[in-house]
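Given the structure of chain S, go ahead and fit chain G onto it with the hints provided.
Respectively, the protein sequence lines represent chains S and G. Sequential numbering from 0 applies to the first sequence in numbering that gives the first Met the number 0. Sequential numbering from 0 applies to the second sequence in numbering that gives the first Met the number 0.
Derived from the structure by calculation, the hints contain no laboratory data. Just so it is clear, the structure is predicted and the values come from calculations on it, not from any experiment. Hints may contain errors.
Claimed, not checked - Below, a list of computed lysine-lysine pairs in the DSS-like style, where the Cα atoms sit at most 25 Å apart:
hint	chain 1	residue 1	chain 2	residue 2
1	S	Lys20	G	Lys61
2	S	Lys87	G	Lys21
3	G	Lys61	G	Lys46
4	G	Lys21	S	Lys241
5	G	Lys76	S	Lys241
6	G	Lys78	G	Lys56
7	S	Lys87	G	Lys46
8	G	Lys21	S	Lys234
9	S	Lys241	G	Lys61
10	G	Lys33	G	Lys61
11	S	Lys20	G	Lys56
12	G	Lys61	G	Lys76
As the list claims (entries may be wrong) - Listed next, the stretches of chain S that the computed footprint assigns to chain G, with coverage defined by at least 3 CB atoms under 8 Å from CB atoms of chain G:
hint	region
13	14-23
14	101-109
15	131-140
Think of the CB as a built atom: it goes at the ideal place given N, C-alpha and C, for glycine as much as any other residue.
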Amino acid sequence: MASSPQNISAEPLEDPREIAKWANRYAKSRTIPFLVQWVFIVLLGVIIAGVVYLTLMAYRTEHLVWFLLCAAGIVGMVIALAWFTVPKWGGEQIYRISQWVYGEEGYAAYLGGDPEEGIQAPGWVYAGGAGLAVYHLLGALLVTARYLPIWCIQPFSAAYMVPFFFAMTVSQRLGFWAFIWPILYGLHAVLILAGVPIRFTSVHLELLNMIMPVFGYGLVAILVGHVYSRYALHKLKQLARKGLDAAVEEAHALEE
Amino acid sequence: MILSGIDVADFTFMCTTLGLTKGNLSSHMDRLEKAGYVEVHKSFNGKVPHTDYNLTKAGREKLAEYWTGLEAIRALKDKPQG
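Okay, chain S solo, but in the shape it has when bound (with noise of 0.2 Å):
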């Protein structure tokens, strides 16, 4: 996974202050820890979602051991759940696995604050988190008691996420990519309100209406950081390198 150091041009540095500049673009698109809690999420969704199936289909039939199999299966799948998303737990397997995924490429962070200080999120990304469940638990109570159409709870849900997730990425200083995300989940609520026939009509695929912008353009997202980090790793050695030739040369310009 880490990119070679090949290729590097020994053309002379313009300016030093580049080097940070794209140290600092690097950093900010690291997106693997990310992709690690997609793949995390959307598997054990699928897991879920199969074990929710098995328990219907034994209840209708009447299997007993199998609907408490299934159902006690169900209930160890939210804890993972639950085990995942905790930071002390979770997040130690999130960076374990995405060093294994760097490789030899190393670590480099970018955490948007003075690391001798220590970094904390802002109360409000906290209160908006919690505001964010209430707010769509909301839109699934209107969708039920039939005052909110069931192909509007896309656009409903946009109307909180677009601008939260702006305020995030601002606030939290993560790179370009993490735009893309409320840009196209925004831009997907636009046109179903202008209706352009992108839903799902089938009544069993309703669901996927919101799992696929969520998760779609959420993998979209993740995967141009990605590339995006791979250039600016290119780069940021391309520039390393020459300024360390030039640190060389100066050095022995000046003892002369």
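Chain G alone, transformed into the frame defined by chain S:
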């Protein structure tokens, strides 16, 4: 310079990015740490030793000073003679 654009980087990242040998990078970092410009955090990932670096406030200030000095030298160099 790399550390001024990020908050933290480990030994492997610094080594592969700069193309320096392990010994060379260690000695550079030791000097920067002794000067108070870089903070070094040593830990273990299982049984594997792990070293993280970050620039200190003093290091950031010194680097800013260096940029100012460099700008001044460049301005002198670019100034038309006579």
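- [ ] Measure nothing beyond the straight line between the CA atoms of lysine 87 of chain S and lysine 21 of chain G; if it is 25 Å or shorter, mark the hint as holding.
- [x] Answer violated: lysine 87 of chain S to lysine 21 of chain G is near 32 Å, above 25 Å.
Task: Agreement of lysine 20 of chain S and lysine 61 of chain G with the hint, judged by alpha carbon distance not exceeding 25 Å - done: holds, 18 Å
Task: Pairwise hint evaluation, lysine 234 of chain S against lysine 21 of chain G, where the allowed Cα distance is 25 Å at most - done: holds, 22 Å
Task: Whether chain G covers the region 14-23 of chain S (at least 3 residues having a Cβ closer than 8 Å to its Cβ atoms) - done: With 8 residues close enough to chain G, the hint holds.
Task: lysine 61 of chain G paired with lysine 46 of chain G [C-alpha distance capped at 25 Å] - done: violated, 36 Å
Open item on the list: lysine 78 of chain G and lysine 56 of chain G were given as a pair; does the straight-line alpha-carbon distance stay at or below 25 Å?
Closed with: violated, 33 Å
Open item on the list: Please check whether the region 101-109 of chain S has three or more residues whose CB lies within less than 8 Å of a CB on chain G.
Closed with: holds (count 7)
Task: lysine 61 of chain G paired with lysine 76 of chain G [C-alpha distance capped at 25 Å] - done: Status holds; Cα separation ~22 Å.
Open item on the list: Tell me if the straight-line CA distance from lysine 241 of chain S to lysine 61 of chain G falls inside 25 Å.
Closed with: holds, 21 Å
Task: Proposed proximity, lysine 61 of chain G with lysine 33 of chain G (alpha carbon, max 25 Å) - done: holds, 14 Å
Open item on the list: Verify this for me: three or more residues of the region 131-140 of chain S with a beta carbon less than 8 Å from a beta carbon of chain G.
Closed with: violated (count 0)
Open item on the list: lysine 76 of chain G and lysine 241 of chain S were given as a pair; does the straight-line alpha-carbon distance stay at or below 25 Å?
Closed with: Given pair lysine 76 of chain G, lysine 241 of chain S holds - Cα atoms ~21 Å apart, limit 25 Å.
In this structure, the earlier hints numbered 2, 3, 6 and 15 are contradicted, and the remaining ones agree with it.
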